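*Asks:* Sequence:
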Amino acid sequence: MRTRAAVAVAAGQPLEIMEVNLDGPKAGEVLVEIKATGLCHTDEFTRSGDDPEGIFPAILGHEGAGIVIEIGAGVTSLEVGDHVIPLYTPECRECEYCLNPKTNLCQKIRSTQGAGLLPDGSTRFSMLDGTPIHHYMGCSTFANHTVVPEIALAKVRKDAPFDKICYIGCGVTTGIGAVINTAKVEIGSTGIVFGLGGIGLNVIQGLRLAGADQIVGVDLNDDK
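Numbering-wise (this note's numbering), the sequence shown opens with residue 1 and increments by one.
It should be emphasised that the hints constitute simulated quantities derived from the structure, not laboratory data.
These figures come from a predicted structure and were not determined experimentally.
Calculated pairs, BS3-like style, for lysine-lysine (alpha carbon to alpha carbon, straight line, at most 30 Å):
#1 K35 with K224
#2 K35 with K108
#3 K184 with K224
#4 K158 with K26
#5 K164 with K35
#6 K108 with K158
#7 K35 with K155
Using the sequences and the hints, build the whole thing.
*Replies:* Right, here's the structure in full:
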(Lines of atoms letter the chains of each structure in order from A; the text may use other names.)
(Lines give C-alpha, C1' and ligand atoms only; values in the text may rest on other atoms or scores of the structure.)
Protein backbone atom coordinates (compact mmCIF):
# COMPACT_ATOMS: atom_id res chain seq x y z
CA MET A 1 0.00 0.00 0.00
CA ARG A 2 0.98 3.65 -0.18
CA THR A 3 0.79 6.02 2.76
CA ARG A 4 1.98 9.50 3.66
CA ALA A 5 4.83 10.07 6.06
CA ALA A 6 7.19 12.73 7.35
CA VAL A 7 10.53 11.24 6.33
CA ALA A 8 13.90 12.15 7.83
CA VAL A 9 15.86 11.78 4.61
CA ALA A 10 19.25 12.74 6.08
CA ALA A 11 20.79 13.94 9.33
CA GLY A 12 20.17 17.61 9.97
CA GLN A 13 17.69 17.99 7.12
CA PRO A 14 14.04 19.07 7.54
CA LEU A 15 11.44 16.31 7.49
CA GLU A 16 9.92 15.79 4.06
CA ILE A 17 6.22 14.95 3.68
CA MET A 18 5.89 12.34 0.94
CA GLU A 19 4.08 9.23 -0.20
CA VAL A 20 5.91 6.02 0.66
CA ASN A 21 5.41 2.33 0.10
CA LEU A 22 4.38 0.22 3.08
CA ASP A 23 4.35 -3.56 2.90
CA GLY A 24 1.69 -5.43 4.85
CA PRO A 25 2.35 -7.12 8.18
CA LYS A 26 4.26 -10.40 8.24
CA ALA A 27 3.86 -13.10 10.88
CA GLY A 28 3.65 -11.60 14.36
CA GLU A 29 3.15 -8.07 13.03
CA VAL A 30 0.28 -5.60 12.96
CA LEU A 31 -0.68 -2.81 10.55
CA VAL A 32 -1.86 0.29 12.43
CA GLU A 33 -3.51 3.45 11.14
CA ILE A 34 -1.98 6.26 13.20
CA LYS A 35 -4.62 8.71 14.42
CA ALA A 36 -2.42 10.98 16.56
CA THR A 37 1.25 11.35 17.38
CA GLY A 38 3.30 13.39 19.80
CA LEU A 39 6.61 15.07 19.04
CA CYS A 40 9.29 14.12 21.55
CA HIS A 41 12.66 15.85 21.84
CA THR A 42 14.25 12.47 21.15
CA ASP A 43 12.78 12.61 17.64
CA GLU A 44 14.38 16.03 17.12
CA PHE A 45 17.65 14.80 18.65
CA THR A 46 17.82 12.05 16.05
CA ARG A 47 16.73 14.28 13.16
CA SER A 48 19.36 16.88 14.05
CA GLY A 49 22.19 14.43 13.50
CA ASP A 50 23.40 14.63 17.10
CA ASP A 51 22.16 11.11 17.85
CA PRO A 52 25.13 8.76 17.26
CA GLU A 53 22.67 5.90 16.69
CA GLY A 54 20.61 7.79 14.10
CA ILE A 55 20.01 5.91 10.84
CA PHE A 56 18.69 7.55 7.67
CA PRO A 57 16.42 7.71 5.81
CA ALA A 58 13.92 6.95 8.55
CA ILE A 59 10.37 7.64 9.64
CA LEU A 60 10.65 9.02 13.15
CA GLY A 61 8.01 9.24 15.88
CA HIS A 62 7.43 7.03 18.91
CA GLU A 63 4.47 8.64 20.71
CA GLY A 64 1.41 7.47 18.83
CA ALA A 65 -2.06 5.99 18.98
CA GLY A 66 -4.19 4.38 16.32
CA ILE A 67 -6.42 1.59 15.09
CA VAL A 68 -5.48 -1.94 14.01
CA ILE A 69 -6.46 -2.42 10.36
CA GLU A 70 -4.68 -5.71 9.57
CA ILE A 71 -2.94 -8.47 11.53
CA GLY A 72 -0.28 -10.90 10.40
CA ALA A 73 -0.23 -14.65 10.86
CA GLY A 74 -0.01 -15.82 14.45
CA VAL A 75 -1.21 -12.60 16.06
CA THR A 76 -3.56 -13.54 18.91
CA SER A 77 -3.73 -10.62 21.33
CA LEU A 78 -5.20 -8.08 18.89
CA GLU A 79 -7.86 -7.95 16.20
CA VAL A 80 -8.91 -5.54 13.48
CA GLY A 81 -10.58 -2.48 14.99
CA ASP A 82 -8.68 -2.52 18.28
CA HIS A 83 -7.28 0.81 19.49
CA VAL A 84 -3.59 0.62 20.35
CA ILE A 85 -0.50 2.50 21.49
CA PRO A 86 2.88 1.53 19.97
CA LEU A 87 5.56 0.74 22.57
CA TYR A 88 9.23 1.48 21.92
CA THR A 89 9.99 -0.84 24.83
CA PRO A 90 8.04 -4.00 23.95
CA GLU A 91 6.93 -6.74 26.30
CA CYS A 92 7.46 -10.28 25.06
CA ARG A 93 6.98 -11.76 28.57
CA GLU A 94 9.48 -14.48 27.70
CA CYS A 95 13.03 -13.07 27.65
CA GLU A 96 15.33 -12.91 30.69
CA TYR A 97 14.64 -9.20 31.18
CA CYS A 98 10.86 -9.53 31.01
CA LEU A 99 10.95 -12.36 33.55
CA ASN A 100 13.22 -10.42 35.93
CA PRO A 101 11.32 -8.24 38.45
CA LYS A 102 14.12 -5.64 38.43
CA THR A 103 13.64 -4.43 34.86
CA ASN A 104 11.17 -4.14 32.01
CA LEU A 105 13.71 -3.54 29.23
CA CYS A 106 12.61 -6.37 26.95
CA GLN A 107 15.45 -7.74 24.81
CA LYS A 108 13.37 -9.81 22.37
CA ILE A 109 13.70 -7.44 19.41
CA ARG A 110 16.21 -4.90 20.73
CA SER A 111 19.01 -5.63 18.24
CA THR A 112 16.85 -5.31 15.12
CA GLN A 113 14.91 -2.38 16.54
CA GLY A 114 18.16 -0.48 17.12
CA ALA A 115 19.08 -1.11 13.50
CA GLY A 116 15.83 0.43 12.29
CA LEU A 117 14.39 -2.93 11.27
CA LEU A 118 11.56 -5.26 12.23
CA PRO A 119 12.31 -8.61 13.92
CA ASP A 120 12.98 -10.46 10.65
CA GLY A 121 15.75 -7.99 9.81
CA SER A 122 13.91 -6.06 7.11
CA THR A 123 11.88 -2.86 6.80
CA ARG A 124 8.29 -2.48 5.65
CA PHE A 125 8.80 1.11 4.44
CA SER A 126 10.40 2.21 1.18
CA MET A 127 10.43 5.25 -1.06
CA LEU A 128 8.54 5.10 -4.34
CA ASP A 129 11.84 4.37 -6.14
CA GLY A 130 12.38 1.35 -3.88
CA THR A 131 14.95 2.88 -1.51
CA PRO A 132 14.46 1.29 1.93
CA ILE A 133 13.32 3.57 4.77
CA HIS A 134 14.24 2.60 8.31
CA HIS A 135 11.79 2.21 11.16
CA TYR A 136 12.40 4.25 14.32
CA MET A 137 12.30 2.82 17.83
CA GLY A 138 10.03 0.12 16.43
CA CYS A 139 7.18 2.64 16.09
CA SER A 140 7.52 5.19 13.22
CA THR A 141 4.44 7.17 14.16
CA PHE A 142 5.20 10.09 11.81
CA ALA A 143 3.21 8.25 9.16
CA ASN A 144 -0.47 7.70 8.46
CA HIS A 145 0.15 3.96 8.74
CA THR A 146 2.87 1.84 10.30
CA VAL A 147 3.69 -1.83 10.88
CA VAL A 148 4.62 -2.82 14.43
CA PRO A 149 5.42 -6.16 16.13
CA GLU A 150 2.50 -7.52 18.14
CA ILE A 151 4.57 -7.46 21.33
CA ALA A 152 5.15 -3.71 20.84
CA LEU A 153 1.48 -2.71 20.98
CA ALA A 154 -0.74 -2.03 23.98
CA LYS A 155 -4.50 -2.34 23.54
CA VAL A 156 -6.48 0.57 25.00
CA ARG A 157 -10.13 1.49 25.53
CA LYS A 158 -11.97 2.67 22.43
CA ASP A 159 -13.38 5.73 24.19
CA ALA A 160 -9.91 7.09 25.00
CA PRO A 161 -9.09 10.20 22.87
CA PHE A 162 -6.20 9.57 20.48
CA ASP A 163 -4.77 13.07 20.89
CA LYS A 164 -4.37 12.47 24.62
CA ILE A 165 -3.33 8.83 24.87
CA CYS A 166 -0.61 9.11 22.22
CA TYR A 167 1.64 10.69 24.87
CA ILE A 168 1.44 7.57 27.01
CA GLY A 169 3.97 6.01 24.65
CA CYS A 170 6.78 8.11 26.12
CA GLY A 171 6.21 11.39 27.98
CA VAL A 172 3.47 10.21 30.34
CA THR A 173 5.09 6.95 31.36
CA THR A 174 8.55 8.54 31.64
CA GLY A 175 7.35 11.32 33.94
CA ILE A 176 4.92 9.36 36.09
CA GLY A 177 7.20 6.33 36.17
CA ALA A 178 10.09 8.47 37.43
CA VAL A 179 7.96 9.57 40.39
CA ILE A 180 6.31 6.29 41.31
CA ASN A 181 8.87 3.65 40.32
CA THR A 182 12.24 5.44 40.52
CA ALA A 183 11.89 8.16 43.16
CA LYS A 184 9.17 6.24 45.01
CA VAL A 185 7.60 9.48 46.22
CA GLU A 186 5.54 9.06 49.39
CA ILE A 187 2.31 10.69 50.54
CA GLY A 188 2.97 14.11 52.04
CA SER A 189 6.21 14.71 50.15
CA THR A 190 7.32 17.99 48.61
CA GLY A 191 8.37 17.85 44.96
CA ILE A 192 10.34 20.40 42.93
CA VAL A 193 10.24 19.92 39.16
CA PHE A 194 12.87 21.64 37.01
CA GLY A 195 11.69 22.03 33.43
CA LEU A 196 7.99 21.92 32.55
CA GLY A 197 8.06 20.26 29.17
CA GLY A 198 6.22 17.07 28.29
CA ILE A 199 8.07 14.96 30.84
CA GLY A 200 8.15 17.63 33.55
CA LEU A 201 4.39 18.14 33.37
CA ASN A 202 3.90 14.41 33.74
CA VAL A 203 6.24 14.37 36.72
CA ILE A 204 3.76 16.84 38.23
CA GLN A 205 0.92 14.46 37.41
CA GLY A 206 2.89 11.67 39.06
CA LEU A 207 3.44 13.77 42.18
CA ARG A 208 -0.29 14.42 42.41
CA LEU A 209 -1.03 10.72 42.01
CA ALA A 210 1.55 9.90 44.69
CA GLY A 211 -0.09 12.30 47.14
CA ALA A 212 2.59 14.98 47.37
CA ASP A 213 1.56 17.89 49.62
CA GLN A 214 3.50 20.60 47.82
CA ILE A 215 4.58 20.70 44.18
CA VAL A 216 6.85 23.46 42.84
CA GLY A 217 7.42 23.89 39.10
CA VAL A 218 10.52 25.72 37.85
CA ASP A 219 10.97 26.84 34.24
CA LEU A 220 12.62 29.68 32.31
CA ASN A 221 9.45 30.10 30.23
CA ASP A 222 7.04 32.33 32.16
CA ASP A 223 4.07 31.03 30.14
CA LYS A 224 4.56 27.61 31.68
